[in-house]
Amino acid sequence: MIFALKLIFKNAFRHKTRTLLTISSVVIALVAFGLLRTVVSAWYAGVAASSATRLVTRNSISLTFPLPLAYKDKIKQVKGVTVVSWGSWFGGIYINEKNFFANFAVDPGSYLKLYPEYVITPEQKTAFLNDRRGAVAGIKLAQRFGWKTGDLVTLKGTIYPVDLDFVIRAIYKGRDKNTDESQFFFNWDYLNESIKKVSPGRADQAGFFIEGISDPLLAPSISAEIDSLFKNSLAETITETEKSFQLSFISMTEALLMVIQLVSFVIIAIIMAVAANTMSMTVRERIGEYAVLKTLGFGSFRIAGLIAGESMVIVMTGCALGIALTYPAAHAFRDQLGDYFPVFNVDGRLFIFYAAASALVGLVAAIFPAWRAIRTPIAEGLRRIG
Amino acid sequence: MESKEPIVQIRDLSKSYRRGSQQIKVLEDISFEIAEGEFLALMGPSGSGKTTLLNLIAGIDKSDKGGIVVGGVQITSLSENELARWRALNVGFIFQFYNLIPVLTAIENVELPLLLTGLSKSERTEHAMAVLDLVGLSDRTEHYPGQLSGGQQQRVAIARAIVTDPVILVADEPTGDLDRVSAQEVLSMMENLNTQLGKTVIMVTHDPRAASTAHIVRTLEKGILT
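Chains A and B, in that order, are what the protein sequence lines are. Quick note on our numbering: the first sequence kicks off at 597 and runs consecutively. Quick note on our numbering: the second sequence kicks off at 6 and runs consecutively.
Treat the hints as calculated values from the structure; they're not laboratory data. Everything hinted at is true.
Pairwise CB distance ranges, derived in the manner of DEER restraints:
1) A:Phe609 x B:Ser82: 37 to 47 Å
2) B:Glu128 x A:Asp931: 54 to 64 Å
3) A:Ala600 x B:Gly151: 18 to 28 Å
Please read these numbers as outputs of a predicted model, since none were measured by experiment. Note that the Cβ used here is the ideal one computed from N, Cα and C, for glycine as well.
Use the sequences and the hints to build the structure in full.
Laid out in structure tokens, this is it:
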């Protein structure tokens, strides 16, 4: 067994350049596969982070149409609703448009109650709640711009005709791995008061309501009851679970996601083709040697084992390097495109897939070459030598 | 020699190859016997069927018709796997181009056929060392084929051929790729294996000098043995 392994390893690295190129192909393909799968996961990060005990109510026409703030009092009356918060997408720009990040005006007290995954120290929380111009930034966002508590930040309004000055009062960390740590939120009253001064018609309106509910099983009935409250009004509502709300965003890009998923699997097929090509070339070159081994009494099973073993060594070496390089590659990817993918975490289960896919590729790539080596008559194989 | 039992018995052996639409007869109704402990040289012009006959005796090719019995085993009726097992235990091969595995050292090449036996690693090493010593290469055990001369490589190949103590030794042009001195060394070695260890040797050769080492010389011409 040890002798056979020695022979397999020696054979695998006999043509160093070819083997290294094949391994490189496997590594590149696996890392690309890993990044694409992580992009897909990142896309769904909002869905994964959503809570089953939170509902979102928005205007039935579109999210861009606001709802009267007064709805909150009616929603509070619905049985099963424990907390009601509200907010508006501000869409402000920090210095220039390149510095994009999500920024919302929210009702501070109720919002923080609904989102315990945003972890803030008690002191900072108090400071935020007591300062009408206070803002909270996620730690990744703060690191990106070098912000710390007490810093002044100005956001230029795009949706609303106001520029707002904020004081960073708190920096939150995500409780969970998939919590977005790149958001910015501030006091809704501050936005509302500013709007009242320049565009009174747009004041006292919320972009969305968020409801905390006591029992996730009641979500359908509570949603239906909330929506029925505003039926036939000027601003009818759609209430859905936070997960459905997030999925509705993703559905807009579903075709693109499908393409990414498809490409990620095409990559596996490419590795298979590359490995199969390498093994085919190898066996073609060594058909005489396999004939010699058969002459010495090595049976079909042993010959197939040597070829499959060699294929596995090459592909699994690529797999190991692929695993080792996926984290640094993902880190580099996050550094470059973190603005678009605030949650970009490599799922450890990906490596199980790497190993399984590589083992499969290694075996499949060896099937045809092994069959060829076995089927070639010894006399014909020996004629290829010399 | 005549009094000895035949170790190889060939009856009505025929073999043909297909080249495109043509059927080319290589061997035609060949019958002969080789006695145990014999040193036979098969001669003949290129394409006369010498190597084909050798391959058939060694069980690495299949005949169209006829029977071959080697050491009491009717090898023409064995399956591929049975033939492989039979070759591993009964036949030692010496090729014109040595056919050593380039990524294995001399001792590893010699050890190769022993992997198919039930010997332990230490036993395999012991056997391989013994035969390498026999061919005068005990100081080259860790050398790779590329680090050995042609004559040395052929001696490693001889060591590999005899390490399992086979019933017959088959050699296809064993001196065809060697200079005169190395060729003579290899022939002497084969002669010693025949005379001292009693090995039955069947050798295909073009070279009359090599053939003169054998006890019996048979000639094949257009597939017919004379």
